[in-house]
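J.: Residues per chain, in single letters:
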Amino acid sequence: MRYTSISEELEVTKFKKRVEREFEGYFEKNGFNLIEPRIFQKYDMYVRSNFRQDSSRTVKVLSGNSRIYILRPDITTNILGEIFSKWDGEPPLKVYYNSKIYLNRPDGKILENYQMGIESLGEDVFKADQEIVHMGTRLMGTLGRPVILELGSSKYLDGLFKELDLDQDEESEIRDLISKKNRYGLRIRLKELELEGTVLDHIFELQGDMREVIQRANSHPMNSEMREAIDELESLMEGSSSRYSSGEIKFDLSMLPDLDYYDGIIFKGYCLGVPNKILSGGRYDRLTEEFGLRVPAIGFMIDLDLVTRIRMEEER
Amino acid sequence: MMDNITIAIAKGRLGERGLELFKNTDMEIVREENSRKLVFKDAKGKTTYIFVKPSDVVTYVEKGVADLGIVGKDVILEENKDVYEIMDLDYGKCRFAIAGFKDRLSDKKNDVLRIASKYPQYVQSIFENRDQRIEIIKLNGSVELAPLIGLSDVIVDIVETGNTLRDNGLEILEDLDQISARLIVNKVSYRFKYDVIQKIERILGGE
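Line by line, the protein sequences are chains E and S. Each residue of the first sequence is one higher than the one before, starting from -13 at the first, in my numbering. Each residue of the second sequence is one higher than the one before, starting from 58 at the first, in my numbering.
Do not rely on the hints blindly, as some may be mistaken.
Subject to a maximum C-alpha distance of 27 Å in a straight line, what follows is the list of computed DSS-like cross-link-like pairs (lysine-lysine) [as the list claims (entries may be wrong)]: (1) S:K138 to E:K166; (2) S:K98 to S:K120; (3) S:K120 to E:K2; (4) S:K244 to E:K166; (5) S:K110 to S:K98; (6) E:K95 to S:K138; (7) E:K95 to E:K263; (8) E:K263 to S:K244; (9) S:K120 to E:K166; (10) S:K120 to E:K86; (11) S:K195 to E:K95; (12) S:K244 to S:K256; (13) E:K263 to S:K103; (14) S:K256 to E:K166.
Derived DEER-like restraints, expressed as beta-carbon distance ranges [to be verified]: (15) E:L279 to S:K138: 37 to 47 Å; (16) S:S199 to E:D153: 35 to 45 Å; (17) E:K28 to S:E228: 50 to 60 Å; (18) S:N61 to E:V47: 46 to 56 Å; (19) E:E301 to S:G102: 26 to 36 Å; (20) E:P132 to S:K101: 34 to 44 Å; (21) S:K98 to E:K177: 36 to 46 Å; (22) S:R223 to E:E198: 51 to 61 Å.
Hints were generated in silico from the structure; no laboratory data involved. The C-beta atom is built at its ideal place from N, Cα and C for all residues, glycine as well.
Chain E on its own, in the form it takes in the complex (with noise of 0.2 Å):
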């Protein structure tokens, strides 16, 4: 039995090609050029500046010469290093990329996906933040289906932690604990480390209507790091009330960044009915520091393969 058949294999493709060039389109549009990134990277040069990453996942090249060389495994840093080069931070950059990565799947096998998705570099905080939430939320709007943003700020915790005398297996703990919602844990481990009476017996009450969380967070007491997140939430929301429905964005200050390098806002987008994520994307300013040049940088991916699969399905 055959579960596929070329031609229709050729009809998702087609249809994919499709929503890719309203996409590219979109982003054109609003200023973005496309950028390419290289398919090659030195290996010795990405291990010494991702030593945080797992180095076994990328694939290994031999050149001509016998060095070695990497698929690139991720777009966001590749073009970083790339515009860094040629670039002193002005004027604003707007870029979008849709290019393949490889990395080594656990089996053995070579993963190849593709990644699309847009990088704002040094603009304005605040005007590049509301800019790039509202097109991550447009793109979302294009299913068909019932959509929600979630945002927060990495600034929230990453100030609150400061706050707290806690070793570095301790916090990674009680992040941990944050992460899986588990409040019950949370109560337990907080209560072992005699850490009670903080805002963090109340963090899960910090999410949900745009509003009322930010209310709720300004009844706890916050230094200065909390204060900015509240702050630059604050004015997303100012922003961008009159366009969304307030159903489509929610406020989570529980939420913890997927990349660590993520210091400012960063959001979530999903759809009714599919369990993963469509859209993830977030600030990183500190990233930029690698580079050489501290930029405010902005930027969001969104899974191409899942948003055509939805597409599909909404406009059979």
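We have chain E; now place chain S onto it with these hints.
T.: Coordinates of chain S only, in the frame set by chain E:
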């Protein structure tokens, strides 16, 4: 679709007890005795219960075909999937433990410690950062037998009273994670069905 909810229940004692907590609420279901049906709906048709093998509950929830699941922490630890774990239902309490014959365990540091268990992934995670080479022998039942017949040096299993271990001459060498029934949620459902999920948390005894 937003207020419809599907709950995966682990077949067996643990799931049955979870189901009892919904009695006398508008989410209650009536089942004929000895029914072999696997899918039930409540009177309003808004809540669907599906009965699956405990180890599959976590998969159903992660893949989003069920919004919520009631399952033991042992299964959650073994499956290690990307789901929220929002409630301790506070029953079905027991713990993971390493058990064996104390007197027969000389220093195994330089030797491979053979561990029989129904929970190979969990054993792997426990020994990951220990300076001890191990071999995991995956069994599907009667794990206590393994050290008796020389199949393994120790076992990792769930222990409630410890009677089975004692009857077989084994003793607990080390206590590991505490186990009880838990309520798990799919990450996307958590956002879309936040209000219904909070209602269910209250029904199940949460705040």
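J.: Give a verdict on every hint.
T.: We went through each hint and held it up to the structure:
no. : hint                         : result
1   : S:K138 to E:K166             : holds (11 Å)
2   : S:K98 to S:K120              : holds (21 Å)
3   : S:K120 to E:K2               : holds (23 Å)
4   : S:K244 to E:K166             : holds (9 Å)
5   : S:K110 to S:K98              : holds (19 Å)
6   : E:K95 to S:K138              : holds (22 Å)
7   : E:K95 to E:K263              : holds (24 Å)
8   : E:K263 to S:K244             : holds (9 Å)
9   : S:K120 to E:K166             : holds (16 Å)
10  : S:K120 to E:K86              : holds (25 Å)
11  : S:K195 to E:K95              : holds (25 Å)
12  : S:K244 to S:K256             : holds (17 Å)
13  : E:K263 to S:K103             : holds (25 Å)
14  : S:K256 to E:K166             : holds (19 Å)
15  : E:L279 to S:K138: 37 to 47 Å : holds (40 Å)
16  : S:S199 to E:D153: 35 to 45 Å : holds (42 Å)
17  : E:K28 to S:E228: 50 to 60 Å  : holds (56 Å)
18  : S:N61 to E:V47: 46 to 56 Å   : holds (50 Å)
19  : E:E301 to S:G102: 26 to 36 Å : holds (29 Å)
20  : E:P132 to S:K101: 34 to 44 Å : violated (21 Å)
21  : S:K98 to E:K177: 36 to 46 Å  : holds (40 Å)
22  : S:R223 to E:E198: 51 to 61 Å : holds (54 Å)
Checked against the numbered hints above, the structure violates only hint 20.
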